[in-house]
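Chains as they are written, first to last, in my numbering: chain A, 46 to 116; chain B, 181 to 491.
Please note: incorrect hints may appear among the correct ones.
Capping the alpha-carbon separation at 27 Å, the derived lysine-lysine pairs in DSSO-like fashion look like this [as the list claims (entries may be wrong)]: (1) K258(B) to K371(B); (2) K396(B) to K87(A); (3) K114(A) to K396(B); (4) K73(A) to K87(A); (5) K225(B) to K261(B); (6) K371(B) to K261(B); (7) K87(A) to K258(B); (8) K361(B) to K261(B); (9) K114(A) to K48(A); (10) K396(B) to K361(B); (11) K73(A) to K396(B); (12) K361(B) to K258(B); (13) K396(B) to K258(B); (14) K261(B) to K87(A); (15) K371(B) to K361(B).
Covered stretches of chain A (chain B as the covering partner; in silico rule of three or more C-beta atoms under 8 Å from a C-beta of chain B) [stated by the list, open to error]: (16) 81–95; (17) 105–116.
It should be emphasised that the hints constitute simulated quantities derived from the structure, not laboratory data.
Being a predicted model, the structure only gives us computed values, none of them experimental.
Ideal Cβ positions, reconstructed from N, Cα and C, are used throughout, including at glycine.
Chain by chain, the residues run as shown.
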Amino acid sequence: MDKNLFVAITMAIGSIGPALAIGWLASKAMEAIGRNPEAASKIQTPMILAIAFAEAIAIYALVVALIIKFV
Amino acid sequence: MAGFTPPPLSSENILEIGSFPIRNTLLASWLVMAILIIGVLIFSKNSRRLIPRGFQNLVETIVEGLFNFFNAVTGSVKQTKRFFPIVATIFIFILSANLLGLFPGFGPLGICEPEAPAAVAASTENLPIATASEVPAENGSAICPQGELLLPFFRSVNSDVNMTLALAIIAVIAIQFFGIKELGFFHYWGKFFVNPFRDFIGFFVGILELISEFSKLISFSFRLFGNVFAGEVLLLVMSFLVPYAVPLPFYGLELFVAFVQALVFALLTLVFMTMATSSHQEEQAEGPLKDDTPKVLPEEMAKIGGTAATT
Chain A
46 MDKNLFVAIT MAIGSIGPAL AIGWLASKAM EAIGRNPEAA SKIQTPMILA
96 IAFAEAIAIY ALVVALIIKF V
Chain B
181 MAGFTPPPLS SENILEIGSF PIRNTLLASW LVMAILIIGV LIFSKNSRRL
231 IPRGFQNLVE TIVEGLFNFF NAVTGSVKQT KRFFPIVATI FIFILSANLL
281 GLFPGFGPLG ICEPEAPAAV AASTENLPIA TASEVPAENG SAICPQGELL
331 LPFFRSVNSD VNMTLALAII AVIAIQFFGI KELGFFHYWG KFFVNPFRDF
381 IGFFVGILEL ISEFSKLISF SFRLFGNVFA GEVLLLVMSF LVPYAVPLPF
431 YGLELFVAFV QALVFALLTL VFMTMATSSH QEEQAEGPLK DDTPKVLPEE
481 MAKIGGTAAT T
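When you get a sec, could you build the whole thing from the sequences and use the hints?
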């Protein structure tokens with residue numbers, strides 16, 4: 046099968062998990078901010094950290110896709 | 181896509197001094213360093229005013245803003261003062277490098293070279309250059325004559341995995357250094373190598389933490405590399421598809437990503453340093469994000485209330 050198909054599959058499946066994770070994180074953070082607007086900046090910093098961790102997984106999938114395509 | 185050649189995964193050689201290859205990302209990183217060092221020199225010459233104006237004001241705003249932000253994460257001013265130099269340097273360097281990579285000139289400025297994939301592949305030790313198998317028969321773009329590829333002189337610094345790996349190694353070694361300095365050599369490594377006969381679960385947790393120390397290297401370097409390289413490819417593809425107006429929101433996205441990735445790298449380094457310098461007993465008592473606003477003692481409060489009442 047064409048190599049590009051595998052590149053696309055890798056990227057597509059590898060993005061499902063991080064997309065769900067980031068969505069859940071952000072929604073919980075929004076809930077928390079909605080309950081307690083004064084703590085917004087306290088919630089924001091750990092939220093950004095956690096989103097970066099989740100996004101890193103998508104980046105790993107991207108790197109694998111790039112390796113498949115280019116190497 | 182006829183005529184579109186994706187940028188190579190590894191950076192290209194500009195010239196070689198002896199056997200040391202000078203790559204275009206290395207040139208770009210020297211440019212970033214030159215800009216930052218010149219900025220520092222300008223600041224150190226013209227900053228004697230107590231009420232800052234102009235460039236001194238900008239630098240003080242940046243430093244103070246970063247210090248307060250890191251202070252909110254670590255919780256203690258002493259720790260922030262200790263970690264601030266390296267963490268703020270990482271932030272400012274990565275931010276400047278990412279932003280400079282979006283400047284006009286980073287990419288189109290170069291020379292046309294006939295493709296010689298064998299010659300360049302022999303000198304790269306990481307990943308071979310992609311374009312050998314990807315170049316279509318006809319070169320649709322009019323920049324280089326047919327059969328030649330554009331070799332850019334400058335390329336975004338963090339689009340080279342060597343660069344991000346170097347930054348990740350510096351960050352992880354700095355984390356270990358601060359941990360050892362604070363807790364002592366054996367106490368710090370005692371967190372990872374636990375005697376299984378005394379603390380069975382701690383033994384496995386120690387192994388996991390040791391593995392996670394190494395995974396920090398991978399995650400730091402690949403997060404930054406993936407974001408910057410993917411941004412490069414995205415901008416090139418968008419500019420190739422619709423050259424006018426459409427790449428603008430993607431440039432906006434790239435500006436945002438440049439800032440966020442610098443922030444995340446620095447913030448994660450700071451958080452790991454804070455965790456490394458706290459022993460396990462402390463960790464259970466207080467989290468790394470505790471509130472450290474200065475609190476007024478009750479007797480001073482009464483004194484303030486008293487003097488305010490009399491005036």
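Hint consistency between K87(A) and K258(B) [alpha-carbon to alpha-carbon, up to 27 Å]: 21 Å, holds
Pairwise hint evaluation, K87(A) against K73(A), where the allowed Cα distance is 27 Å at most: Roughly 14 Å separates the two Cα atoms, so the pair holds.
Pairwise hint evaluation, K361(B) against K371(B), where the allowed Cα distance is 27 Å at most: 14 Å, holds
Pair hint K396(B) and K87(A), alpha-carbon separation not exceeding 27 Å: 24 Å, holds
Pairwise hint evaluation, K361(B) against K396(B), where the allowed Cα distance is 27 Å at most: At roughly 20 Å apart (the allowed maximum being 27 Å), K361(B) and K396(B) satisfy the hint.
Straight-line alpha-carbon gap K114(A) to K396(B), limit 27 Å: 26 Å, holds
K258(B) paired with K371(B) [C-alpha distance capped at 27 Å]: OK: K258(B) and K371(B) at ~23 Å, within 27 Å.
K361(B) paired with K261(B) [C-alpha distance capped at 27 Å]: Holds, at about 15 Å.
Agreement of K261(B) and K87(A) with the hint, judged by alpha carbon distance not exceeding 27 Å: 21 Å, holds
Agreement of K361(B) and K258(B) with the hint, judged by alpha carbon distance not exceeding 27 Å: 14 Å, holds
Hint consistency between K371(B) and K261(B) [alpha-carbon to alpha-carbon, up to 27 Å]: The hint holds at about 25 Å.
Hint consistency between K225(B) and K261(B) [alpha-carbon to alpha-carbon, up to 27 Å]: 24 Å, holds
In summary, this structure violates none of the numbered hints.
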